[in-house]
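**Q** Sequence:
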Amino acid sequence: MYKSMPRSFKSFLVVSIVSLVSIFMSLQCHSKLQEAEFCADDYLSCNINKSDASFLNLYYDSFERPEVIKSSFTDWRQWWSPQAKALYIFSQNNLIQFAGITPLVTEEALAIGRQYNIDWIIAEAYFYEAQELYSSQQLIQSESLLNDVLEMVERIGYNGLKGRVYNLLGNISFDQTNLKKALKYYQIAYQLFDRNKYAIQMCIILNNISTVYIHTEDWKNADIYSKRSLKVYQNHNFSNSLTEAILYTNASVIDTALGREESQQRNVELAFDRAMKTGSKQLQFKTMVNLADNLLNQGETEDALDIMIRCLSLAREESNPLFTAYCQESLAEVYLAKTQLELAILSAKEAVGIYTDHNNVPRIIYATDIISKIYEQKGRYDEALFEYKKMATLEKKLILQSREKEALSLKNQFDRKLDEQELLLLSAKNDIQKLQIQAQEFREWLYFLLFIIISFLSLISYRKYKKFKIKHSTLQQDHAKLEVESTHDPLTDLYNRRYLDTWFSYQEETTNNKPHLLAIIDVDYFKKINDQYGHEAGDEVLRELSTILKQQLRPEDLLMRWGGEEFVMIISAPEAHIKEVLERIRAQVEQTSFYWAGQRVPVTVSIGAIAEKSVSKLALSWQSAMESADQALYQAKSEGRNRFIVNDSYQ
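When the letters of the sequence shown are read in order and numbered with this note's numbering, they come out as residues 1063 to 1713.
Bear in mind the hints are in silico, worked out from the structure with no lab data behind them. Beta carbons are placed, not taken as given, at the ideal position from N, Cα and C, and that holds for glycine.
Across the chosen pairs, the derived CB separations fall in these ranges:
no.: 1; residue 1: R1560; residue 2: R1616; range: 20 to 26 Å
no.: 2; residue 1: N1179; residue 2: K1528; range: 57 to 63 Å
no.: 3; residue 1: S1517; residue 2: K1459; range: 26 to 32 Å
Just need the whole structure built from these sequences, with the hints factored in.
**A** Here's what the structure looks like:
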């Protein structure tokens, strides 16, 4: 006989069932969330069929261990799946770059991706195309294509490729000398790679960050990130010659800066060995030059000469002018060390010619320095002096092109050093001419003396240039800050009172003896403007007023923000036209509508002025002139403001 269940038991059963369903759904959601997070970190593992897993491993190995797999690379098969073919092509591209293998198949992955509508293949293919554009220095086109790839990978959740995109964007910014932007991109890439399985990419990013710090000569941070990069590489037992060559190259540069000679020599040799195994010609040339320089420092000139002749031969095979210039530059240094001066001159001048064609000013400077040293060693001091001057001019030009200036003290110090070198070289030349008249027995002694002098000067120049380079970045920043703070008002971008002496100096040079007007301009009721509309409104009034006042000036006149709401103007004007000029200024301000937050802000000015017969007299009596103009300003304020008063009692 059927019996109904008690109400309390029914309630308990319902609650239990609901709880079990909730727990089951929570577990399902948690499982899906974990799966989504895993797929974001390792997108390809979630989207490649198990039957194609071996191709995915091949793809990963092409980054991490190209040296291991290049000899056993599988032959192409037409019956492979679309994803297997794409992974094979991408792996081959990596092996061409990393291990220098010849292409085994020319089929394009992009066509496969489009034919089968597979987004990740299309995105990856576009990324490799952007890499090619970057390698050929088509930076704008590469950046544009990378932004398209970024949209695609964000849509499909392919974080591994997203990190590589940001890394390449960082490389582009670095080549454009936008170091702050490059560092930002590298940091984004690092955060993406820190969450997925691409340890080799983390290694590359850390090394790129180190490169930024090398460029800014922050050797402490450069060393930290370089060591972290090498540690990641070694902990994972990777076998990638290109990556190793880059890591050891950076390490050798840092060693040089920090004076670690043994470590520097070892890292240069390791970088050269690894670079020769890669498909990167640019890296091969760089490491050849580094190795030759290291051999030269050790006095092994014959070995250095062999390396640079090999470098030059390879550069001409590649038909790359810049590579040829790099090799010729280093070859000139080798010939100089071997005292084969005619060959040294030929190599150095060929390098300068190529650098000039490509407008590579830093390398022109370096090669010009080599030429000057060659002329010194040949005893051709006029030509050496000419090259020294050319080098100094180019260095100044380089600083102007990069919109950074030396600190004034450093510039004067550099100019003084150049003058000292000129005097010493001219003195040496005169000594030679006098000694040539004397007996033959003094000739050998004379040449020895000249050798000592020139060597000493070269050593001083080299050390000074090295110190200059180390301090260059910091001094430029300090100078730029000092320049702005000392002569400009940050709010209105007008000159401030500190600029006055400089302006008077310029006027003395131009012998400006015309009558001038000195005017002090003060904003009426400025405190009320600040109180009623706010200090931001007051600042905006000062900015707009400065624009109006500038429009009343000619190039030879001067406008300064003297402080607060006071401005000082020095205007070239005959005494008969003073009142006309002042009334025009006053009226222009009164007729201009000032607005803030949709409200009209009434603005007028009071002006106190004096007339002076010339700028030179104004400079000599500046204090009394300012006091007289200030008295006139006080009178204008007392008489009701919005007017000008000329102090006729000023003498």
